[in-house]
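Model the placement of chain V on the given structure of chain X, informed by the hints.
Residue numbers (our numbering), protein chains in the order written: chain X, 1 to 134; chain V, 1 to 134.
Using C-beta positions, here's what the derived DEER-type ranges look like: (1) Arg-124(V) - Glu-49(X): 21 to 27 angstroms; (2) Glu-86(V) - Leu-29(X): 33 to 39 angstroms; (3) Arg-106(V) - Arg-131(X): 26 to 32 angstroms; (4) Arg-131(X) - Met-67(V): 25 to 31 angstroms; (5) Glu-121(X) - Arg-131(V): 43 to 49 angstroms; (6) Met-67(X) - Glu-49(V): 36 to 42 angstroms; (7) Leu-29(V) - Val-89(X): 38 to 44 angstroms; (8) Pro-50(X) - Ser-92(V): 49 to 55 angstroms; (9) Glu-121(X) - Pro-50(V): 16 to 22 angstroms; (10) Leu-29(X) - Ala-134(V): 19 to 25 angstroms; (11) Thr-88(V) - Pro-99(X): 49 to 55 angstroms; (12) Lys-66(V) - Thr-103(X): 33 to 39 angstroms; (13) Ala-87(V) - Asp-130(X): 22 to 28 angstroms.
These aren't lab readings, by the way, just hints derived from the structure by calculation. Computed from a prediction, not measured in an experiment: that's the story for all the values here. Cβ coordinates follow ideal geometry from the N, Cα and C atoms, glycine included.
There are 2 protein chains.
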Amino acid sequence: MQEGTEISSGHPAETGRGDVYAANCPTRLLLDRIADKWTVLLLTTLADEPMRFNALKRRVEGVSQKMLSQTLRQIERDGLVTRTVEATVPVSVTYAITPLGLTLVRALQPVIDWAETRMPEVARAQAGYDRRPA
Amino acid sequence: MQEGTEISSGHPAETGRGDVYAANCPTRLLLDRIADKWTVLLLTTLADEPMRFNALKRRVEGVSQKMLSQTLRQIERDGLVTRTVEATVPVSVTYAITPLGLTLVRALQPVIDWAETRMPEVARAQAGYDRRPA
Numbered sequence: 001m002q003e004g005t006e007i008s009s010g011h012p013a014e015t016g017r018g019d020v021y022a023a024n025c026p027t028r029l030l031l032d033r034i035a036d037k038w039t040v041l042l043l044t045t046l047a048d049e050p051m052r053f054n055a056l057k058r059r060v061e062g063v064s065q066k067m068l069s070q071t072l073r074q075i076e077r078d079g080l081v082t083r084t085v086e087a088t089v090p091v092s093v094t095y096a097i098t099p100l101g102l103t104l105v106r107a108l109q110p111v112i113d114w115a116e117t118r119m120p121e122v123a124r125a126q127a128g129y130d131r132r133p134a
Numbered sequence: 001m002q003e004g005t006e007i008s009s010g011h012p013a014e015t016g017r018g019d020v021y022a023a024n025c026p027t028r029l030l031l032d033r034i035a036d037k038w039t040v041l042l043l044t045t046l047a048d049e050p051m052r053f054n055a056l057k058r059r060v061e062g063v064s065q066k067m068l069s070q071t072l073r074q075i076e077r078d079g080l081v082t083r084t085v086e087a088t089v090p091v092s093v094t095y096a097i098t099p100l101g102l103t104l105v106r107a108l109q110p111v112i113d114w115a116e117t118r119m120p121e122v123a124r125a126q127a128g129y130d131r132r133p134a
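This is chain X alone, in the form it adopts within the complex (with noise of 0.2 angstroms):
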């Protein structure tokens, strides 16, 4: 309310929209997961086309069968990307973002922007940083 929310575009309680500063309120629970590196990394990727679990796991990388079995559980709960099993043998799991899971993505593209393009600003800042004395 006090300090924070002239950034976003008014009062939480004028306008109707959550307040993410709120520990309690669900838009912070809801930021809380998106603001997630696999969520961000498996979005952008599916916004592309639709992916099985095995190229997905291949294209993110880095990321764990477990952390990736998980984070895609709780973005299809969400309503951002839809899971598809087909009764081939062996199964196969086709996941494919949905129009709201777009509308995030769209949001999200600043972001990368900003972290592949601004490395090098970032890079001199730490630089100097660890040139200071302790």
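Relative to the frame of chain X, chain V by itself:
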């Protein structure tokens, strides 16, 4: 390289951009850090005005003292905030956002807006998921 890069504006090798999908790319390490709920909440709070440690702790509900110190140290090292110590009694420490930090906040704003406005759709999806037979 293959799938997934259409969502950003080109092939990393052609554009000189990083590749967030590669586990060993520095931009991936950077995304890991900015796709973090505490970083998001601290930066958007400091975008409004400089703030002392204790005021930040009150504003960002649910953050522990240790997590707050650690996240602030990381984002100071990344050049996103400055830390100013005044020799008062007791010493007062104020954090302020940098111009680089402000560029990240601008990139994050659509994600905050998404979380604050799309919650009803997500809640409906969750209710549908939870109603399915196990």
